[in-house]
Each structure stands twice: as structure tokens, then as C-alpha cells.
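There are 2 protein chains.
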Amino acid sequence: MIIAFSGGVGGAKLADGLAAVLAPELLTVVVNVGDDFEHLGLRICPDLDTVMYTLAGLANPSTGWGLAGDTASFMAALERIGGETWFHLGDRDMATHVERTRLLAGMSLSEVTETFCRRLGVRHAVVPVSDDRVRTTVRTDEGLLSFQDYFVRRRCAPRVLGLTLEGADSARASERFLHAMNHPQLKAIVFCPSNPHLSIAPMLAIPQVRACLQARRVPLVAVSPIIDGNAVKGPAAKIQKELGFPVSALGVADLYKDLIDGFVLDVCDAELAPIAPMPTLVAQTLMRNPSDRRNLAEAVLEFASRLRKP
Amino acid sequence: MIIAFSGGVGGAKLADGLAAVLAPELLTVVVNVGDDFEHLGLRICPDLDTVMYTLAGLANPSTGWGLAGDTASFMAALERIGGETWFHLGDRDMATHVERTRLLAGMSLSEVTETFCRRLGVRHAVVPVSDDRVRTTVRTDEGLLSFQDYFVRRRCAPRVLGLTLEGADSARASERFLHAMNHPQLKAIVFCPSNPHLSIAPMLAIPQVRACLQARRVPLVAVSPIIDGNAVKGPAAKIQKELGFPVSALGVADLYKDLIDGFVLDVCDAELAPIAPMPTLVAQTLMRNPSDRRNLAEAVLEFASRLRKP
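Protein sequences, first through last, are from chains A and B. Taking my numbering, the leading residue of the first sequence gets 1, the next gets one more, and so forth. Taking my numbering, the leading residue of the second sequence gets 1, the next gets one more, and so forth.
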């Protein structure tokens, strides 16, 4: 039994690799909800959807988010009547947001996610880290921005001064996450190659989640989202720099050093492995195709199995 | 200056004909809101949308409702994740419902409708009869059904025992309607060929609307939605029968007899004209194309201009 912590696109790829090599009952993907927001009256959960669509084999391969082959009639019509179009919502993707918003009136986010996964044929558990409201807010040189305002509307242009995780202090971990953490067969925990500040930190900011991780009896391994000083996708490098951390796999290792037992860096960064403050694995972490995802998943699991328990 | 009362498809066709022969400042189309409902968390206003789309030249010519060339990706995806699909919502059409629902948090339905009409290039005034909540409820042999439950989900199959117009008693007429009614240049009022029970009655059930019509100083003309004992579209004939009224143009004239000054029946029903309880015009009321709409509009306006004021 493995728990994988994931944000959006990069994390979803490794989660998909893990799903390819582990039976459904042996993997729980725990997903960030700090990116979630309300838009056009709808509850939008970008990371949950990306993981769900990726594991369902429905993700748009060129963007990583959204649905493959989705159309944009809704957006075109919305523009015509003067609506807000800065956040793209495909026609099929809209069904997820509309139905989730409706179901949330009587269900938890965990239950809604489970329902959708079942309908989409996702057999591995995909669970929000919390059913409570946690919202990443970005302090920037242009003022306080809600996460999607910063990330999508402003395309990460403002300089980040800090991040605030609204609601994290009082949020509870989801029951499904706690169930997986307490599973007697749990063998390892993996931080997927997601943005440490935007995807992993919002989960760790929930006291119960952090406490569970600190009390764990299995190895915790993180995979670097920074390769050769750059993020594969998204603003991980830019934010790492703006927050004053070294923009390298080592900089990421450093962020996690009090928590993790092992760190996976890319073959490009092999020379950093010896100076990392924890055991390392050098592997091909860039996932260009399903086979890369599986290979990385297998390498990470094998690495974790060799690590001392904390 | 003309006021036209309209429900959905049939009414929208005559409203479109009137818009073709009258300058924008000379026509106000007052639209039923009794069919409006909340579905999937969205406010849906079928009659307003049908009138708006028809006047914008965007209506689906084969159904009469919805947008021409609209696609069904949203519905297909909604079905896949287990959502309710009995009420069809096209991908482009969705933009109207999502944006309206959002705007209604800070605007009246009249303001939202005006905004959308401006964006869609509709220059004639389209106004909801009321900004308040009025909901047609159908008492049937299978129990009480909300209007769209009866009309769309059950396809008008249950036998109608009566109609209840929830909220009508306390609803106020919209300001734009009152403004048009009080316009010094008002020349006539037209009931478009809409269902008298489902489209016109819910408007008349608003005390202020009925009082305005009773106090009018201009002729009020109704166009029969029943031709040769049948409705052109929809359940007008079935409901007329189930409620115990004669299923004929004359039956409709009878319903309106205390209110209207003139009645327009189809050439098929010419033999009924002499026995109608008010002045009549025999005209081609079936509107198969834009030219039919214009011709009927012109005939109705000419007829109204010849009638005595009440």
C-alpha cells in the first residue's frame, strides 16, 4: 500500500505511473485542494480533476489539464455574452464542475471525487487531502492575489513575496487520507514531482496531515520537480527563486529535509546527489510517455523499499 | 409603440415578426417567467431565452428553442459522470445559464436580460413580466409536478387537473413592463400565439399585470395558438381538453373574452370567426418562415389599429 501526494500535471503523471504498477487497492493518491476556487458560481478543483482525468486516461496530452479532444463552444458563447473567460473551461470539463457544485450541497468533496472516479473508470483511490476549505493566497509585489488570479489570470507574472494558506490551520485531513495513513499494509509515502510551495506545502500546512507524516512508520520519498535548474512545467523555479531558495533539485531537497527519508533527482542532476542531506536516487524523472511514468514509479518504489524506516 | 406578451416558441415567432416591422423603440416583448426553474444549480429561463435567441437570429430552427448549431458535449460528459440529463442544455446555451446565474447575485432578471440582449444584438426590448419568482406548478393525476418536470421530464404525459402559479400573488410587474404600459405612445397590446394556460395565464396571474391590462387605453388583441383544433407545437390542445375547455380557437377566444378587444384566428378556422364573442381577424397564423412572421405581424397591427379602444 502506497500513498502518493500530488498536485496537478507533474504529480498526476507519476500518480499514473504508480497506478500502472500497483493494484487499485494498493494506491491512494492524496491531492492538493489549495488551488480550488469558486468561479462562475462553480466549484473548480484543478488538481483533483487533473489527477482524475490523467488516471482515467482522459487528460489532454498537450496541456496536461482538461480533457483530450474537449471543445470550446461554452467559452466562445460566454465571451459573446460578456462573461469572464480568463479561466478556460472546456465543454465536457464543464460537466465535472457543474455536477460537483451541485453534489457538494449534500456530499463531501471526497464523496464527490469517489463518485466521479467510479463513473470515469478510475479504480485507484483519488482523495482530496481535506474536505474542508483550504485556499492558497499569493502575496505579491502587486498585492494579495487569490491563487488562480495569480496563476492563470496573471500567468504567474507578479513577484511572489510569500504564500498564505487560508483555512489550513483549522482544516481536518480527509477521512480517506487518514484511513490510508493508518492502513497496516502501508509501505511508503511518495511526494510526486509537484510544486513544493504551491502543491505540497498547502497539504503539509494542515496540522493533522503534518502530524500524520511526522508520526509515520514508513519511508517518505520526494521526487524533485526541478530538473537541471528548471521546472518541467509551471512556476516552481520562478517561485523557488522569488522566495529566496536555491533553484535546483538540492533547493527542493532542502525544503523537505526535516520530513523526508529519501530524495529522487533527475539524471541531469546526478552531481548534486552526493551533497543532498538525505539518501538519494538518481533516475530519469522527466516523464514523456506512459513508459517513463511506469519506469519512474517502479524506481521510486524500489528506492523506498530499500530505505530505513524513519 | 406595441407591447407583445409571449411565451416560448410560437410567441417568439410573432415577436420576431413584430421586431421585423417595428423600430426597436416601438416594441417591448413581455415574457413569461412561470417556466423558469433551477436546474443543476443554474437559473434557467426557457421563454426568455427562446425570445432572445429568436430575435437575435440565433434560435435553432428545428426545435424553436436552444441555439442553432449548438453542440452536446456537456450533456454527453454529464451523462458519463452520472448527472441529470433529462433537460437538454447545449454547450453554447450553457453560457447563458451560467452567466445569468452568476449575474443574478447582483442584478435583476430584467437587467441580466437587457445585458444579454445588448451583447447578442437584440435591439428591441425583451423584458421578463416580473423580476420576482413565479413558478407554474401542475396538478396532475400523478400528483403535483413542477412545470419542467411535467413538461420536459414527463413530456406532458400526466393528465392536467389544474395549474398553480406559485408566487404570482405577491410578485410585482417588472419596471420595464410598467414603463412600456405607461408609455404615452402605446398603441396596442398583443397576446402572441402562446399557450393560454402555461404562457399567458402565469403573466395575468400577477395582480399588477392584470390591473394594468384592465386599465389599458389601447386595444388588446390575442392570436390563437390553436389552429384547426390542434396546437402548432406543445401541449396547448391537450391541456385545453384536460381542463375542460373546447379544443378550438373559439375555446381560446372564450378564455380571453373578458380581457381582449380582438381575436385573430387562422384561415383554417374562418368558419368560427362569426361566432366568436369579440371582433375577429382571419389570417394565416401558421408561421413557417420569416415572411410569414412579418405578414402576421403586419396583419395583427393593422387589425388592432382598426379596433375601438376599450
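Quick caveat, the hints were computed from the structure, so don't treat them as lab data. Fair warning: this is a prediction, and the values are worked out from it, not measured in the lab. Be a bit skeptical, because a hint or two may be false.
What the hints assert, rightly or not - A few chain A residues that face chain B, going by a derived Cβ cut-off under 7 Å, partial list only:
(1) L40
(2) I44
(3) A68
(4) T71
(5) I81
(6) D91
(7) R92
(8) M94
(9) L104
(10) R119
(11) G121
(12) A201
Unchecked claim - Facing chain A, according to a computed beta carbon distance under 7 Å, are these residues of chain B, among others:
(13) L40
(14) G41
(15) L78
Where a beta carbon is used, it is the ideal one built from N, C-alpha and C, also for glycine.
The hints, checked one at a time:
| no. | hint | in the structure |
| --- | --- | --- |
| 1 | L40 | holds (5 Å) |
| 2 | I44 | violated (12 Å) |
| 3 | A68 | violated (12 Å) |
| 4 | T71 | holds (5 Å) |
| 5 | I81 | holds (5 Å) |
| 6 | D91 | holds (4 Å) |
| 7 | R92 | holds (4 Å) |
| 8 | M94 | holds (5 Å) |
| 9 | L104 | violated (9 Å) |
| 10 | R119 | holds (5 Å) |
| 11 | G121 | violated (10 Å) |
| 12 | A201 | violated (30 Å) |
| 13 | L40 | holds (5 Å) |
| 14 | G41 | holds (5 Å) |
| 15 | L78 | holds (4 Å) |
Consistency with the previously given hints fails for numbers 2, 3, 9, 11, 12, ordered from lowest to highest.
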